[in-house]
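**Student:** So the chains spell out like this:
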Amino acid sequence: MKRKPLTLLIAAILLIIFVLMLFVYQVRLSQVAVVTRFGKVVDVQTNAGPGLRWPYPIEQVFVMDQRVQNFQDNFEQIKLHDQNIIFVSLYMGYRISEPDLFFRNFLNGAVAEAQPALNDLVRSAKSEVIGRHDFSDFVSTGPGQMKFTQIEHEILAEVQKRLSEKHYGVEVKFLQIQKIGLPESVTQNVFDRMTAERQTYIAKIQSEGELEATKIRSAADSAAAKLLYEADAQAFTIRGQGEAQMMKSLEVMQKNPDLAAFNMQISALEQFLARKTTLVLDMTTSPLQWLRMGESANTNTNK
Amino acid sequence: MAADGRVGQYEHEQMNPQDPNAPVPPSVPPVPPAAPPPEDAGSQALADAMRSSFVIVQVIMVALVIVFLSSGVFTVGPREQAIRLQLGKPVNNGKLYQPGLYFAMPRPIDEVVKLPLTALISAESSVGWYLNAAERAAGAPEPPPTPKLNPANITYALSADTNVIHVRATAQYRITDPKTYYFNFTDGAIFVTNALNNALLQACTEFPVDGILTSNRAEFHERVQQLVHDVVAGENLGVTLAQVEVYASPPLYLLPRFNEVDQAMVRRDNTVKQAETYATTNVAVAQGQAATRVNIADAARKRKVDMMAAEADTFSKLLAQYERNPELFKRIKQMTALESIYTNADTKIIVPPNSKELRVNLNREPQEPSVSNIPLAP
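Protein chains in written order, with our numbering: chain A, 1 to 303; chain B, 1 to 378.
Just so you know, these hints were derived from the structure itself, not from any lab. These numbers were taken from a predicted model, which means no experiment stands behind them. Treat the hints with care, since some could be wrong.
[Claimed, not checked] Example chain B residues on the side facing chain A (calculated, C-beta under 8 Å, incomplete): (1) GLY88; (2) ASN92; (3) LEU96; (4) LEU158; (5) THR162; (6) ALA218; (7) VAL261; (8) VAL272; (9) TYR278; (10) ALA345.
[Stated by the list, open to error] Reference excerpt, derived from the structure (chain A facing chain B, CB under 7 Å, subset only): (11) ILE10; (12) PRO50; (13) ARG53; (14) ASN70; (15) TYR91; (16) GLN176; (17) ARG198; (18) ALA224; (19) GLN265; (20) ILE266; (21) THR277.
All C-beta atoms, glycine included, are put in the ideal place defined by N, C-alpha and C.
Next comes chain A alone, as it looks inside the complex:
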């Protein structure tokens, strides 16, 4: 008898849980739910929280993930406006913006069901937009010519336009070029061109180096020559200054130029013959002639 209330309590709890499971559903954060009654959409719950429903098979609740989904389309070739061919793959982030539309278009509102339709739509938009551009719009050294981002925006606008026309209930958050490539045969031509460019580049580098080296050497020679002739000019000036200073001393010698000249000659002679001098003298040289005078006197006496 004591166990009866507990049993009843448990039974009541189980009953409540059972009833809640039948009549209550919940939408988790980042989810949306579509409620159908006998297959017809009667309610859409976009806010997280609980909701009421009639039990199956009267009503059914389809919960969908409203987070941003990844989408990558196929890597396929597209003919450009200038007849070149390019391989492009896109990456896109999208989310369910209108759950009832999404549910109506795709079985049970499953994201996987939407992928093929989105793939067709994106591929079509991509081909149309990229086909309007030249190859130089994708890669170019000219800053004004490059339209990489602009092409992405154009494809995004085209995809959004088509999505709104199709009423898929999908909103594209962003779209980017994911992969890019050239046909295999074209890569061979590119490699040939790159090889030729390398050879040209090597020749250019070598000639640049030699030119620069020549310029440096020439500039150095010029600088050295300039230094020397400037030094010579300075030396010449200094010598001139010396000459001018010497003139003051010469004025003193004006009193007797003959003596001045004599003194300077004697000084010059002494300096000139100061070192490493070999003198070749004969007997007539003063004062050797004195020796000669004695010899002649002796000779005369002997005679």
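We have chain A; now place chain B onto it with these hints.
**Tutor:** For chain B alone, coordinates are given in the frame of chain A:
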């Protein structure tokens, strides 16, 4: 319980004495109660089994209720945050639970979503390189160089000068807004990877191949970083980029050609450096020579001036003596000078009288001559 009327009767009779209003039983000797008929053993066992089963079921149910109620207790680890959803709706406007012990209602009423807060998450680009991330991690060898690339097998980027180049990037990022990261995106890591892919492709189309590999390498890296930052911030991914590393390589087939360019650059640098060395040396030598020339000129100037001053001084001193007897003065000065010259001469050769020929060997730099080694012709 009353298997037959007698058992009930017996029970009733046993109870009557306790009832004061009950009629007094007749004074007849009590009839001993008839022994109950023996129960069926199978029924008894079944009843016992059912009673036991019911008890077990009750215990299990109580245990389940306890387990159910206590299943709401949860802990948030040191590198986690958590968000509690009540019937799917964030509690307290999405308040994040920090590390600790908490209680929540059991599922499906409450749901606790734990958000890992790793220190740094690494992401790698998935296009542009000749090996994918898994192959690189496994240490796979490089594919053989081929003169053309099949875009389905090997990915690459196109440079601004329409050349093919291999590039890849790695990013280190931190989840700074876990609620956004986990509840706004199905897979945030893939978004980061694709942001890297897109940034690499776009940056490559803005630089020539040599700029990417050598001359504008830093600018290229900065551009990739900037583009990744722009995409991540623009999409409000809830992460903060810590570091982006970028790698670039020419196509394997053209690697020798690019190496030749590198070697040519080294040779060019060497040539230029040699020229610079020559220039430095040459100018330094010229500076030295110039200074020497100026110094020599200055020394010569000084010497000349000093000499002339000395001459003037000597002149002033000797003028009076000279004017008294110029001839004698000259003679004396001449002889004095001769004495000095003769004395200081290294070699003195006196030609004998009547000599017809004199031969003297002269060197540019005369050796230490002596009178004996000079042949004299008779």
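**Student:** Evaluate each hint against the coordinates.
**Tutor:** Checked hints:
| no. | hint | in the structure |
| --- | --- | --- |
| 1 | GLY88 | 4 Å, holds |
| 2 | ASN92 | 13 Å, violated |
| 3 | LEU96 | 13 Å, violated |
| 4 | LEU158 | 5 Å, holds |
| 5 | THR162 | 5 Å, holds |
| 6 | ALA218 | 18 Å, violated |
| 7 | VAL261 | 6 Å, holds |
| 8 | VAL272 | 5 Å, holds |
| 9 | TYR278 | 6 Å, holds |
| 10 | ALA345 | 4 Å, holds |
| 11 | ILE10 | 5 Å, holds |
| 12 | PRO50 | 4 Å, holds |
| 13 | ARG53 | 13 Å, violated |
| 14 | ASN70 | 5 Å, holds |
| 15 | TYR91 | 5 Å, holds |
| 16 | GLN176 | 4 Å, holds |
| 17 | ARG198 | 4 Å, holds |
| 18 | ALA224 | 3 Å, holds |
| 19 | GLN265 | 9 Å, violated |
| 20 | ILE266 | 5 Å, holds |
| 21 | THR277 | 4 Å, holds |
Hints 2, 3, 6, 13, 19 from the list above are not met by this structure, while the remaining hints are.
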